[in-house]
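Student: From first to last, the protein sequence lines stand for chains A and B.
Residue numbers 1 to 326, in the numbering used here, belong to the letters of the first sequence in order.
Residue numbers 1 to 326, in the numbering used here, belong to the letters of the second sequence in order.
Since the hints were made in silico from the structure, they are not lab data.
Just to be clear, a hint being listed does not mean it is correct.
[As the list claims (entries may be wrong)] Short, incomplete list of chain B residues facing chain A, as computed with Cβ under 8 Å:
#1 S41
#2 L42
#3 L44
#4 G48
#5 E135
#6 L138
#7 E278
#8 G307
#9 A313
[What the hints assert, rightly or not] Mimicking DSS-like on lysine-lysine, the simulated pairs with C-alpha atoms at most 27 Å apart in a straight line are:
#10 A/K255 <-> A/K265
#11 B/K285 <-> A/K285
#12 B/K308 <-> A/K255
#13 B/K308 <-> A/K35
#14 A/K308 <-> B/K308
#15 B/K308 <-> A/K285
#16 A/K308 <-> B/K269
#17 A/K269 <-> B/K285
#18 B/K285 <-> A/K308
#19 B/K285 <-> B/K269
#20 A/K269 <-> A/K255
#21 A/K35 <-> A/K285
#22 A/K308 <-> B/K255
#23 A/K285 <-> A/K269
#24 B/K255 <-> B/K265
#25 A/K269 <-> B/K308
#26 B/K265 <-> B/K285
#27 A/K285 <-> B/K269
#28 A/K308 <-> B/K35
#29 B/K285 <-> B/K35
#30 A/K265 <-> B/K308
[To be verified] Short derived list, chain A residues pointing at chain B, Cβ under 10 Å:
#31 L138
#32 V268
#33 A276
#34 A282
#35 F287
#36 T310
#37 A311
#38 A315
Quantities reported herein were computed from a predicted structural model and do not represent experimental measurements.
Glycine included, each C-beta is placed from N, C-alpha and C at the ideal position.
2 protein chains.
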Amino acid sequence: MEVQALFSAIRRRERHALAQGITLVESTRSEDRIKADQLLSLVLPYAGNSFRLGISGIPGVGKSTLIEALGGELLRSNPQLQLACLTVDPSSPRNGGSILGDKIRMEELSRHPQAYIRSSPSGGYGGGTAATTQETLLLLEAAGFNLCVIETVGVGQSEIEVSTMVDALLLLLMPHTGDEIQSIKKGLQELAQFIVINKADGELREAAQLTQQRMLSAFKLLAFNGEPLPEVHLCSAQQGSGIENLGRNLIQFSKSQRQSGATAKLRVKQMQQWFAREVSNALSKRFFGEGDNQQRYLQWEAELVAGKLTAGAAARFLFAGHLPPA
Amino acid sequence: MEVQALFSAIRRRERHALAQGITLVESTRSEDRIKADQLLSLVLPYAGNSFRLGISGIPGVGKSTLIEALGGELLRSNPQLQLACLTVDPSSPRNGGSILGDKIRMEELSRHPQAYIRSSPSGGYGGGTAATTQETLLLLEAAGFNLCVIETVGVGQSEIEVSTMVDALLLLLMPHTGDEIQSIKKGLQELAQFIVINKADGELREAAQLTQQRMLSAFKLLAFNGEPLPEVHLCSAQQGSGIENLGRNLIQFSKSQRQSGATAKLRVKQMQQWFAREVSNALSKRFFGEGDNQQRYLQWEAELVAGKLTAGAAARFLFAGHLPPA
Numbered sequence: 001m002e003v004q005a006l007f008s009a010i011r012r013r014e015r016h017a018l019a020q021g022i023t024l025v026e027s028t029r030s031e032d033r034i035k036a037d038q039l040l041s042l043v044l045p046y047a048g049n050s051f052r053l054g055i056s057g058i059p060g061v062g063k064s065t066l067i068e069a070l071g072g073e074l075l076r077s078n079p080q081l082q083l084a085c086l087t088v089d090p091s092s093p094r095n096g097g098s099i100l101g102d103k104i105r106m107e108e109l110s111r112h113p114q115a116y117i118r119s120s121p122s123g124g125y126g127g128g129t130a131a132t133t134q135e136t137l138l139l140l141e142a143a144g145f146n147l148c149v150i151e152t153v154g155v156g157q158s159e160i161e162v163s164t165m166v167d168a169l170l171l172l173l174m175p176h177t178g179d180e181i182q183s184i185k186k187g188l189q190e191l192a193q194f195i196v197i198n199k200a201d202g203e204l205r206e207a208a209q210l211t212q213q214r215m216l217s218a219f220k221l222l223a224f225n226g227e228p229l230p231e232v233h234l235c236s237a238q239q240g241s242g243i244e245n246l247g248r249n250l251i252q253f254s255k256s257q258r259q260s261g262a263t264a265k266l267r268v269k270q271m272q273q274w275f276a277r278e279v280s281n282a283l284s285k286r287f288f289g290e291g292d293n294q295q296r297y298l299q300w301e302a303e304l305v306a307g308k309l310t311a312g313a314a315a316r317f318l319f320a321g322h323l324p325p326a
Numbered sequence: 001m002e003v004q005a006l007f008s009a010i011r012r013r014e015r016h017a018l019a020q021g022i023t024l025v026e027s028t029r030s031e032d033r034i035k036a037d038q039l040l041s042l043v044l045p046y047a048g049n050s051f052r053l054g055i056s057g058i059p060g061v062g063k064s065t066l067i068e069a070l071g072g073e074l075l076r077s078n079p080q081l082q083l084a085c086l087t088v089d090p091s092s093p094r095n096g097g098s099i100l101g102d103k104i105r106m107e108e109l110s111r112h113p114q115a116y117i118r119s120s121p122s123g124g125y126g127g128g129t130a131a132t133t134q135e136t137l138l139l140l141e142a143a144g145f146n147l148c149v150i151e152t153v154g155v156g157q158s159e160i161e162v163s164t165m166v167d168a169l170l171l172l173l174m175p176h177t178g179d180e181i182q183s184i185k186k187g188l189q190e191l192a193q194f195i196v197i198n199k200a201d202g203e204l205r206e207a208a209q210l211t212q213q214r215m216l217s218a219f220k221l222l223a224f225n226g227e228p229l230p231e232v233h234l235c236s237a238q239q240g241s242g243i244e245n246l247g248r249n250l251i252q253f254s255k256s257q258r259q260s261g262a263t264a265k266l267r268v269k270q271m272q273q274w275f276a277r278e279v280s281n282a283l284s285k286r287f288f289g290e291g292d293n294q295q296r297y298l299q300w301e302a303e304l305v306a307g308k309l310t311a312g313a314a315a316r317f318l319f320a321g322h323l324p325p326a
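For reference, chain A alone in the conformation it holds in the complex (with noise of 0.2 Å):
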């Protein structure tokens, strides 16, 4: 299909022009890169009017039945939504996944008319590179999809990155395990709005309580300068049990956020990280594709750990060319 053409059926949110759109930003082939640029700048003046959320928990935590869940329940208090998601692809070992596909796993969402979803592969979230999921979220935004949902796995660095490329963050633990500790300690209530304790039923109600408190008490001690502390929330994704007092908070701070103008300032800001990120990785790309520069650096590195030399030494050798002495 034309650029133009692909352009005109994302704008009427044709799935498989969306997803011909999707394949053509995630390519590396030089030849579909301007074909994409060529696309984005079609689409960019239709783009940012969504909500866009990332949903972060460790393998296992339940992120694909809160997401079932979350999604139903937006759906249908709220029927001008459109609803994409972003997934992990479970079918992926390395991603700790179940073998069942995320249409299965997502049954109900997969099958509604106002939802999209789209798994990949090949990366800890939605796309190829983070850089490709930022492009993504702007066809699915010019295809209408006013709530985006990129799912992440948490192993710590993911979050970050999807941190940088959302208007709020939902953090998804088990009761009990330790990991809302690990979290705290590891800054994540600095990334997220929202933490959402799973798991809440059974005999596992008492325990989501008990860490809901600690979670609490401890943001009390963090609390400064009257900074906004993330909400904290107990749900079972697989009863059901919190998931509409959920969706009603998310949907008020969304439009909340929005309104101060908090969203607008965010993104400029994202924008400037994601272009100097770019540039930056640009340059050593560039810098390490030449030569043997790659093979000098560890070499120089090597040199460097021996004490052979300092590390601005060991630049300044080479930026000048040299190899270290055999």
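Let chain A serve as the given structure and place chain B on it in line with the hints.
Tutor: Using the frame of chain A, we list chain B on its own:
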């Protein structure tokens, strides 16, 4: 002085030679840089044998008073100690110091035959830049200083930087001012191995104890996986209370980290980080120094913020040498 003679004089711990050597590594003139590299390659085999201690805290918390008291105590109880200290120059108003010089503020220490104090007006700590501070450390170690203290003003970034060049970071706090909580929030407890609440005397004594209790209970909540948490000490640098115990624990920490191999492991990691940073900074510097790249970066950033293209496309156009459409 010729580099070889300078090196020999530094090895004999001659103060004027040490001062000259430090000035050399801080210099940005290219002929000085060549000499500095020669000097550093001579000192490297003799460097690495000190306990490197960062001391950080906001202006007015009493860093100089602590260093004076702690340094005096350590010199009394460790006859073999040779103490060097790189400090913020208090005469520079932007560092928030008093108008007295360091040599007056650290009167006893500055006159001690086994202590050396070097102030620098030009940065948050020690030397001109973080990189030259690293190199200055090597000169001090080759001169036989086995305790090197680097004072930094606690404003966030500087602690993070200094933590990548020291074996331990001591964070000095006021009682009951809220900054202990901000420190936790900013993740400094992951950087600092020693947290010291100063001014635990007179009417602030109770507030200091309360602060210590609050920190300890917050840390208890944060404890995870048996990772070591910082020690929390009370002291009055002015009255000298708590200093002896703190000094003993610092020496103990230094010994156990060195014996377990933790120090050696940490320093390899720090060298690799510094090399990566030097290379990345050099790549940026080279790029932004070429032609109109700096100006074009800002122009493409403005286009990006205006929503006219994506960060990836802006980076590609920047590298392709394009100017944004007028």
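Student: Would you mind marking each hint as holding or not holding in the structure?
Tutor: Verification of the hints:
no.: 1; hint: S41; result: holds (6 Å)
no.: 2; hint: L42; result: violated (11 Å)
no.: 3; hint: L44; result: holds (6 Å)
no.: 4; hint: G48; result: holds (7 Å)
no.: 5; hint: E135; result: holds (6 Å)
no.: 6; hint: L138; result: holds (7 Å)
no.: 7; hint: E278; result: holds (4 Å)
no.: 8; hint: G307; result: holds (6 Å)
no.: 9; hint: A313; result: holds (5 Å)
no.: 10; hint: A/K255 <-> A/K265; result: holds (14 Å)
no.: 11; hint: B/K285 <-> A/K285; result: holds (16 Å)
no.: 12; hint: B/K308 <-> A/K255; result: holds (25 Å)
no.: 13; hint: B/K308 <-> A/K35; result: holds (16 Å)
no.: 14; hint: A/K308 <-> B/K308; result: violated (49 Å)
no.: 15; hint: B/K308 <-> A/K285; result: holds (25 Å)
no.: 16; hint: A/K308 <-> B/K269; result: holds (16 Å)
no.: 17; hint: A/K269 <-> B/K285; result: holds (23 Å)
no.: 18; hint: B/K285 <-> A/K308; result: holds (25 Å)
no.: 19; hint: B/K285 <-> B/K269; result: holds (24 Å)
no.: 20; hint: A/K269 <-> A/K255; result: holds (19 Å)
no.: 21; hint: A/K35 <-> A/K285; result: holds (22 Å)
no.: 22; hint: A/K308 <-> B/K255; result: holds (25 Å)
no.: 23; hint: A/K285 <-> A/K269; result: holds (24 Å)
no.: 24; hint: B/K255 <-> B/K265; result: holds (14 Å)
no.: 25; hint: A/K269 <-> B/K308; result: holds (16 Å)
no.: 26; hint: B/K265 <-> B/K285; result: violated (30 Å)
no.: 27; hint: A/K285 <-> B/K269; result: holds (23 Å)
no.: 28; hint: A/K308 <-> B/K35; result: holds (16 Å)
no.: 29; hint: B/K285 <-> B/K35; result: holds (22 Å)
no.: 30; hint: A/K265 <-> B/K308; result: holds (17 Å)
no.: 31; hint: L138; result: holds (7 Å)
no.: 32; hint: V268; result: holds (5 Å)
no.: 33; hint: A276; result: holds (9 Å)
no.: 34; hint: A282; result: holds (5 Å)
no.: 35; hint: F287; result: holds (6 Å)
no.: 36; hint: T310; result: holds (5 Å)
no.: 37; hint: A311; result: holds (4 Å)
no.: 38; hint: A315; result: holds (4 Å)
Hints 2, 14, 26 from the list above are not met by this structure, while the remaining hints are.
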